[in-house]
Amino acid sequence: MNAIIIDDEEMARTILEQLVSQNPDVTLIADFSNAIEAIKYLNQNPIDLIFLDIHMPGFTGFDLIQTIKNPPKVIFTTSDKNFAIEAFEYDCIVDYLLKPLSEERFNKAVKKALLFAQPSKNSLPEEKPKETVQDLYVNIDRRLIKIAMDSIRIIEAKGDYILIKTDSKNYTVHSTLKKIEDKLPNDIFLKVHRSFIINTQKIVDIEDNSVLIDKDVIPVSRSNRAELMNRLNLLK
Amino acid sequence: MEEQPNLSAIQELSRGDKAFENKLLGVIKKELPLEIEAYKKNLKERDFTQTAEIVHKLKHKISILGFEKGYQTAIDYEEGILHNDFLLQHTFEQILVKMRAFIEKF
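Protein chains in written order, with the numbering used here: chain Y, 1 to 236; chain D, 1 to 106.
Because the hints were derived from the structure by calculation, they are not lab data. Note that the Cβ used here is the ideal one computed from N, Cα and C, for glycine as well. Incorrect hints may appear among the rest.
Cβ pair distances, simulated, as ranges [what the hints assert, rightly or not]: (1) Y/84 - D/45: 28 to 34 Å; (2) Y/209 - D/45: 22 to 28 Å; (3) D/16 - Y/27: 21 to 27 Å; (4) D/76 - Y/137: 56 to 62 Å; (5) Y/217 - D/19: 53 to 59 Å; (6) Y/103 - D/93: 27 to 33 Å; (7) Y/188 - D/93: 52 to 58 Å; (8) Y/141 - D/84: 55 to 61 Å; (9) D/93 - Y/108: 33 to 39 Å; (10) Y/89 - D/101: 40 to 46 Å; (11) D/8 - Y/186: 48 to 54 Å; (12) Y/91 - D/37: 38 to 44 Å.
SDA-like mimics (lysine to any residue), calculated; alpha carbons at most 25 Å apart, straight line [unchecked claim]: (13) Y/178 - Y/151; (14) D/69 - Y/105; (15) D/69 - Y/83; (16) D/40 - Y/54; (17) Y/111 - D/12; (18) Y/81 - D/52; (19) D/23 - Y/14.
Far from chain Y, some chain D residues (derived; all Cβ distances over 10 Å) [as the list claims (entries may be wrong)]: (20) 36; (21) 44; (22) 45; (23) 84; (24) 91.
Can you build the whole structure from these sequences, using the hints too?
Encoded structure:
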């Protein structure tokens, strides 16, 4: 298995490098001291396994998992036992190792990763070609109303309903963000917050933790910010 | 008897690989003073969230340098800081002093 290490502490990376070098089932491809650099790498390189720290400045291990699509298998390596239950809510988590690491426990985790291993599904987004449908039909008062996809600016979760704001009109529909997200082209639309999906082509500007679309200021959660930034054609 | 820093955890990891031992000690020698400085700075500025974060990071080094009781002290101190409880500050800082003196020998 090809693996990378993500940990802001050099000592932790050095120990993991040693443990990997002593295990014939894992090959270390790269290591990273911060999650943002690792995400850039993961978006371009197939990896089977990540040894991932949780506590990192600015961007935690959980933020990273939530940011990448189809995350590879992950073994958490952390000094904090408090996140074990939360960790196993993610399908990609194979094991949860507490620092200081022992060789025996490390090797056991790698064995588990091998058992879980599937044909190298990497972090590259498996862009299933979305339907080429340009329109979305929504059910309002027993009528199917046609909405042009490219006219949608924002979709906001409102309890059991979603509010679809388009260039010309707003629609309140009995549905969920998850359901509509599956119907939208994912190269244009992005969930930036647990209550908001935006049309990235309608962004006016971005400021810290919010985006402006028309006159609406939409919050961007910390875990979605990296994905949003990745989408931008950013002049540095 | 008070706990003293030692190399047993490092030697267990190294399986006799001296190059690795030296590399790891070099990394600790480089990182430890920086983390101690960051700890002091955040404590002085009363940024207790950051102080706890640094203690969290330091506790890994505490365990790697063989402090078993010291590791538990660091866990309790980290938790205490977040509740404005500094009862363990002196004990924790004594561990840092011992670690620093120990690592300087390499």
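Okay, the hints, checked on the actual structure:
1. The beta-carbon spacing between residue 84 of chain Y and residue 45 of chain D, approximately 32 Å, falls within the hinted interval of 28 to 34 Å.
2. Range check, residue 209 of chain Y to residue 45 of chain D: about 24 Å between beta-carbon atoms, so the 22 to 28 Å window is met.
3. The beta-carbon spacing between residue 16 of chain D and residue 27 of chain Y, approximately 23 Å, falls within the hinted interval of 21 to 27 Å.
4. A C-beta distance of roughly 59 Å is found between residue 76 of chain D and residue 137 of chain Y, which places it inside the suggested range of 56 to 62 Å.
5. Checked against the hint of 53 to 59 Å, the C-beta distance between residue 217 of chain Y and residue 19 of chain D comes to roughly 55 Å, which is consistent with it.
6. For the pair residue 103 of chain Y and residue 93 of chain D, the supplied restraint of 27 to 33 Å holds, since their beta-carbon distance comes to about 32 Å.
7. Here the CB-CB span from residue 188 of chain Y to residue 93 of chain D is close to 55 Å, well matched to the stated 52 to 58 Å.
8. For the pair residue 141 of chain Y and residue 84 of chain D, the supplied restraint of 55 to 61 Å holds, since their beta-carbon distance comes to about 56 Å.
9. For residue 93 of chain D and residue 108 of chain Y, the Cβ-Cβ distance of about 36 Å falls inside the hinted range of 33 to 39 Å, so the restraint holds.
10. For the hinted restraint 40 to 46 Å between residue 89 of chain Y and residue 101 of chain D, the CB-CB distance of approximately 44 Å keeps it satisfied.
11. Distance hint check: the CB atoms of residue 8 of chain D and residue 186 of chain Y are about 52 Å apart, consistent with the given range 48 to 54 Å.
12. For the hinted restraint 38 to 44 Å between residue 91 of chain Y and residue 37 of chain D, the CB-CB distance of approximately 41 Å keeps it satisfied.
13. Using a Cα cut-off of 25 Å, the hinted pair residue 178 of chain Y and residue 151 of chain Y holds, with the two alpha carbons roughly 19 Å apart.
14. Note on residue 69 of chain D and residue 105 of chain Y: the hinted pairing holds, with a Cα-Cα distance of about 21 Å set against a maximum of 25 Å.
15. Straight-line distance between C-alpha atoms of residue 69 of chain D and residue 83 of chain Y comes to about 23 Å, which keeps the hinted pair within the 25 Å bound.
16. A hinted pair counts as satisfied when its Cα atoms are at most 25 Å apart, and residue 40 of chain D with residue 54 of chain Y qualifies at roughly 23 Å.
17. For the suggested pair residue 111 of chain Y and residue 12 of chain D, the alpha carbons sit about 21 Å apart, so the restraint of at most 25 Å is met.
18. For a cut-off of 25 Å, the pair hint linking residue 81 of chain Y to residue 52 of chain D stands: about 15 Å separates their Cα positions.
19. Distance hint between residue 23 of chain D and residue 14 of chain Y is fulfilled; the C-alpha atoms sit about 8 Å from each other, no more than 25 Å.
20. Listed as outside the interface, residue 36 of chain D is consistent with that label: its C-beta sits roughly 14 Å from the nearest C-beta of chain Y, beyond the 10 Å cut-off.
21. Residue-level check passed: residue 44 of chain D sits 19 Å from the nearest beta carbon of chain Y, beyond 10 Å.
22. The beta carbon of residue 45 of chain D is kept farther than 10 Å from every beta carbon of chain Y, the shortest such distance being approximately 16 Å.
23. With a least beta-carbon separation of about 19 Å from chain Y, residue 84 of chain D lies farther than 10 Å from that chain, consistent with its non-interface assignment.
24. Look at residue 91 of chain D: its CB is around 19 Å from the nearest CB on chain Y, clear of 10 Å, so calling it non-interface holds up.
In the structure shown, no violation is registered for any of the earlier numbered hints.
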